[in-house]
Amino acid sequence: MSATATERQQTMTLDGQEVTFAQGETLYEVARRHQIQVPTLCYDPRLEAFGGCRLCVVEVRGAKTPVASCTTRAAQGMVVSTATPAVEKLRQTLLEMVVSENREVAVNPLRGFASQELTTLVHRYGAQTGRFQGKHSGKSNSADLNPFILRDYDLCISCYRCVRVCAEQEGDYAISVMHRGFRTQITTEFNGNLKDSSCTFCGQCVQTCPTGALADKKALRGADLPGEIQKTRTICPYCGVGCSVDIMTKGDRMVGIQPAMDGPANQGALCVKGQFAFDFVQHDDRLKTPLLRQPDGSFKEIGWDEALDFAADGFRNALEKHGRRSVYGIASGRAPHEAAYSMQKFIRAGFGTHYVDNCSRA
Amino acid sequence: MPKPTNQEIVARWRDQPAPLLAVLHAFHERDGFLSSDALDGVSKGLKIPIAELYGTVTFYHHFSLQPSGPTLRVCTGNVCRLRGGLELLEALSPKGAKSMPCAGRCDEPVPVLSGSESLVGTSIDTLRAKPSPLPAPNPGGYAECIFAHIREPDRSTLAGYRRTGGYEALSKALREMTPAQVVGIITESKLAGRGGAGFPTGAKWKAVADAPGHPKSIVCNADEGEPGCFKDRAIMDHDPHTVLEGMVLAGYATGAERGFIYLRYEYPETFRTLERAIIEAQAGGLLGRGILDGGFNFEIHLRRGAGAYICGEEGSLLNSLEGKHPFPRNKPPFPVTHGFENLPTAVNNVETLASVPHILRQGATWYRGLGRNGHAGTKLISLSGDIRRPGNYEVPIGLPLKTLLFDWAGGPYSGRTIQAVTMAGLSGGFLAGDAMEVTLDEPSIRGKGSFLGAGGIIVFDDSRDMVRAAHDAMEFFADESCGKCFPCRIGTQRLTERLAGGAGPRDLSAWTEEVRDIGAAMRATSACGLGMAAPFVSDSLLQFFPEAVRFHVAARHTEKP
Amino acid sequence: MSNPLADMAKPDVIFCIGTNMTECHPVAATGLKKALARGAKLIVADPRRIKLAELANIYLPIRVGSDVALLLAMAHVIEREGLVDASFIKERTEGWDEFREHLKEFTPEWASKICEVPAKDIEEAGLYYGRGSPSAIYYTLGITEHICGVDNVQSLCNLALMTGNLGIEGAGINPMRGQNNIQGCGDCGAETLVYPGSVPITDKAARDKFAHAYQRPDLDLGEAMTKVTAFNECGKTLRAMLIDGENTVVSDPDRNHCEQALKSLDHLVVIDLFLTDTAKLAHLVLPATGWAETDGVVCNTERRVQRLRAAVPPPGEARPDWWIIAQIARRLGIPGFDFSSAAEVFNELCSLSPTYGGLDWDRVSRESLIWPVPTKDHPGTPILHVGSFANGRGKFRVLGYRDPAEVIDESFPVWLTTGRRLQSYHTRTQTGRSSGMDYLLSEESLEVNPADLAAWGLRDDDWVRLSSRRGSVEMKVRGTDRSPRGTVFTSFSFAEVPVNNLTGSGYDPTTHTAELKVCAVRIEFVAR
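Residue numbers (numbering that gives the first Met the number 0), protein chains in the order written: chain A, 0 to 361; chain B, 0 to 560; chain C, 0 to 527.
Hints should not be assumed to be uniformly reliable.
Unchecked claim - In silico lysine to aspartate or glutamate, DMTMM-like type, Cα no more than 20 Å apart, as pairs:
(1) C/Lys279 with A/Glu227
(2) A/Lys194 with C/Asp219
(3) B/Lys401 with B/Glu321
(4) A/Lys249 with C/Asp294
(5) C/Lys40 with A/Glu319
(6) A/Lys138 with B/Asp478
(7) C/Lys262 with A/Asp261
(8) B/Lys46 with A/Asp284
(9) C/Lys279 with C/Glu495
(10) C/Lys33 with A/Asp261
(11) A/Lys320 with C/Asp265
(12) C/Lys235 with C/Asp217
(13) A/Lys63 with B/Asp460
(14) C/Lys394 with C/Glu347
(15) A/Lys249 with A/Asp195
Claimed, not checked - Sample of chain A residues facing chain C (criterion: CB under 8 Å; computed from the structure):
(16) Arg292
(17) Gln293
(18) Pro294
(19) Ser297
(20) Phe298
(21) Ala306
(22) Gly349
(23) Tyr354
(24) Cys358
Just so you know, these hints were derived from the structure itself, not from any lab. Ideal placement from N, C-alpha and C gives every residue a C-beta, glycine not left out.
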């Protein structure tokens, strides 16, 4: 929730400064609004606050113990300290505990949008990775052979963001929390494969996972490609919803897709097509040169100059022999405005007719 | 009788409040396990996503997802371990016996659950079904509240209950008092939550009465899961109507029309006793529509847990009732405004509710006067372990611990001395040495770094390995941690590993620092009482038994790396 | 859409008709699911028991092509129960009295016989929609791909007008567009009936404006020709065609007819990414840059104008569509094609389109706005029809129910309806070339009610020949409760199963949209 300035009519003290807040705002939200980076692992701004990781605890004057800022609403006159040495020490201990339950912390950023969150916090807090050694939690599922989602639960820290994003954000309710306590295991109904569950492979669980335990298998195919990951913001090529995505590239190769968390139409959501069906772009079947049909029905590769002349000649012939009402243009609902605009202008300016249409009737 | 079909079971419960646990138990009783077909039917019938339902079912100890035949469950709780529970489990393992955490029969070990019957005995030969023990007459000669009439014959029947004034308080309240007056008396009596939290009952009821939203609910927390606690069982087994009367009164005081009793799974006989009592009360016009021919309506729904200590935590309990994954809820909002189905709800412990009819009949002043040294009222203590006369005792709040241990309960077995006692079941950790010089009230016990809580006290004599005792306690918390919050989920595991040996640094000060750091993080940041309380065990071990700890850590040097 | 996607989480009552949103617009459906989680009520009318039907409070499994009857009866109930918004009707609509009189005879009992759903469910749907505050309508091609597609849409408009569910948050009439830029295609005037900005070609002032801008004094006033008519004219009056990125022979109805039409042209130029079945018929195929290789602008179903950005270089000699078209135009001497960038093309569009008047390449690159955006400081228009309608008053349309162009009979006794599936997109030129998608859906099959399957002596995975009056295909069958008795379903995505050999029984007389959602078929076992 993002309160507008006019809604912020109450005041509290945040790290020594008097600040305003709106009814219903949580301490975490107020802190974020003031550029205070309170650490979290179970938080996703799109989801109902959960209060599981406890990293966001802050001190509130008068409270016996620190409170979770993500679930505590601001109140008039509250005096809050977000980073006292005591709280920072607790956070460091918590992070060291979290680190102790996993096989590794540093993972490839191709695994998912949020996959670096734990790593980043471990560095920020100088959490020692050798403390609190003991049993690891979570067991990776290598039997699920689906081509999209890696279920590497050895890296799972049971923050339940996947469970919650699937339920609250996607509405699919495909992810289960099995057992309890340290034996907690994220899985699906009857501990089976995702394909046999109500999972639609939208990938939202992958993108919200803060450790890369759920990971983008297709993107990871590009793990060994040289070069840095570049992200380019664009719009998904499939249906009319117009989800914002980042295309991940390494050099000239597309390696994966991530949803834009601030995409106005999708707020971080995607479907299986937008998330995983991107590699048609660099498929071998792509046309690379103009093709001219031969009398025997085969196609011959030709250069642009020849092709464009041939194209123009054909339309000119029709115009000359059969008049301006003999030419028709069909635009694509899949190509951008510039294509559609050019097509209609080609017909209207070139032939003075309205003999142009698109594929919306299919 | 033919077995009910899937559709019949779902239809029986679908339109009842809080149907999930009841439906699951019905399937489990029919088939001996929960088949995927059954879960599918429940998912569709109650509109719970199958993945969520599956996860929720795996959370509970007593639901099986595979056909497994009749299961024997042997208590290997912290008291029963001192009394041969582990040996009995081994003896019964050829019959497919499995362990269960403390089943609340610490005054008469070892309980074995066989279907819907509980047997007790310390060996196969002595196992038999037996009603739970009645509390002994008050050894100190103090006036009692809850136990005052419990020993009278037929007390568990409506007629027996009425013989000594049962339901008079209800009758008086409905006919002569406004709800606000009822709240007023309870407030004046200084009755506070006897489940351990100690929140003033009057204030809680007033908050529910004042909260907007209907229908409101009274939830009786009968999920007595704390190891070493078995007092609620005694009340419900021997004086069930006092709980029902207390609930109706709570309903009247708060404006609630529906009540739930959330009973722990391990009390099957208690379930039947309560079921009978509810039917009797309904037939007697004391429950249902138009109670005592007046305008007040109140229904009580009895629901059985399925083996999860955390469901004693009120947020988890409410989630469990609602059929959700039984994680604790974030507070605020509190149940008084956002409880069952997000509506105003008073969650009260059995003992608290059982006190209510007595207080209303005999007055707030009378109740306050039952305590000692300025403390108001009484507290039930479940005493068990290495002590001659274990059992439930109703003590005036403020009674010295040693008076209870030595004068009332006969002290340790001959030749033994008391090395330590636990407080609040296990949740308060250990008191030992001079720290046992306390009186039984929160200020005194908190002064020693522990708390009285629900009133379970387990005694360890000098023959016991206190590191082992601490380990067993921490293992219980680890097994019962719900897994929602990080400090508890990881912390209970890491502390258990360290107390078991074989994990943690080999250097004593580093080992101690790890244990203290984990404890500090758990106390300060855990999301509910389980995680906050568990480190009392490890911290009190460090405090009172440093030598034992030193010895324990030193043993790590002889382990193979 | 009259209302933005963000509004999907806001209605009190949601009426989904002819939309399989969870499969075809999955991300939009997440908004709907959030509304339901909050307690909103859902009415779903669809012949198939799709996922959405399982989420519904009222599910109406209407017979294919019976939408108008359902909607008239719902309007009847709303009128009868006095759930109309009298002040909205008075201030913003016309034709109410006549429409009201017209409604009298269309009772739920009457509709029940046509729609084959219980009258009480129709009654209840009417009450729900009428009482919702607000109520929103969502629809897709299940409404438009009928011979009465326009009647269907107008029936929905009638419902919204009589209840005042237009021009307010969380309400509206919301068609969900199927392709990433099909909305934009219309915005750009790539539609025979309108210029850029949706101005009709019959508008004299607009004709003059474009005649001047395009240096084409003889530009027609009116004289539209839809694609459907065009295909009938191929080889007759039409001799040359330029097709950009459309696999028309697979996606359009009556494949046979399409192929013959294209083959009869003297000159067919196809611009595409792949050598599609359509491209294979061309005299010349030109390679276009694809998504992720092209800078440009698209517009989504809520009228949101957004930037596409190139991330990788195109393969070989592929070029942007606009560049290819411009080059051909220049060689034909058509003026005004000296574009050197996508930005220049887009900016020219903005300069000529009233709805895009406040947009330009730079602004679209910075902000994401919902048109109309008439001026540079205009914040966009997420909700249409607030306070008033652009064209004056909202008109109630008096219309009646018509049977589909083709109804079942002894020779063709089964209804076939077609659609899409989550895992594949359109003709699979893209999803079929993306790794892993086969894992989810590797082949097409015919969805048949299990009771029908048994009655017809068939089992899962048996092969059948599916025939209509226009052609036949062979495919596997699969029993599923999604299909009602007597109606079968398949998608047109798989080239191996060219379902559009069968379709094409009729077209809406106004839009020329084909009745892809209804055709009568016969099913016969084939041994394989």
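Results for each hint:
no., hint, verdict
1, C/Lys279 with A/Glu227, "39 Å, violated"
2, A/Lys194 with C/Asp219, "55 Å, violated"
3, B/Lys401 with B/Glu321, "43 Å, violated"
4, A/Lys249 with C/Asp294, "19 Å, holds"
5, C/Lys40 with A/Glu319, "61 Å, violated"
6, A/Lys138 with B/Asp478, "18 Å, holds"
7, C/Lys262 with A/Asp261, "47 Å, violated"
8, B/Lys46 with A/Asp284, "46 Å, violated"
9, C/Lys279 with C/Glu495, "16 Å, holds"
10, C/Lys33 with A/Asp261, "18 Å, holds"
11, A/Lys320 with C/Asp265, "11 Å, holds"
12, C/Lys235 with C/Asp217, "23 Å, violated"
13, A/Lys63 with B/Asp460, "34 Å, violated"
14, C/Lys394 with C/Glu347, "34 Å, violated"
15, A/Lys249 with A/Asp195, "34 Å, violated"
16, Arg292, "5 Å, holds"
17, Gln293, "10 Å, violated"
18, Pro294, "11 Å, violated"
19, Ser297, "11 Å, violated"
20, Phe298, "7 Å, holds"
21, Ala306, "6 Å, holds"
22, Gly349, "4 Å, holds"
23, Tyr354, "5 Å, holds"
24, Cys358, "4 Å, holds"
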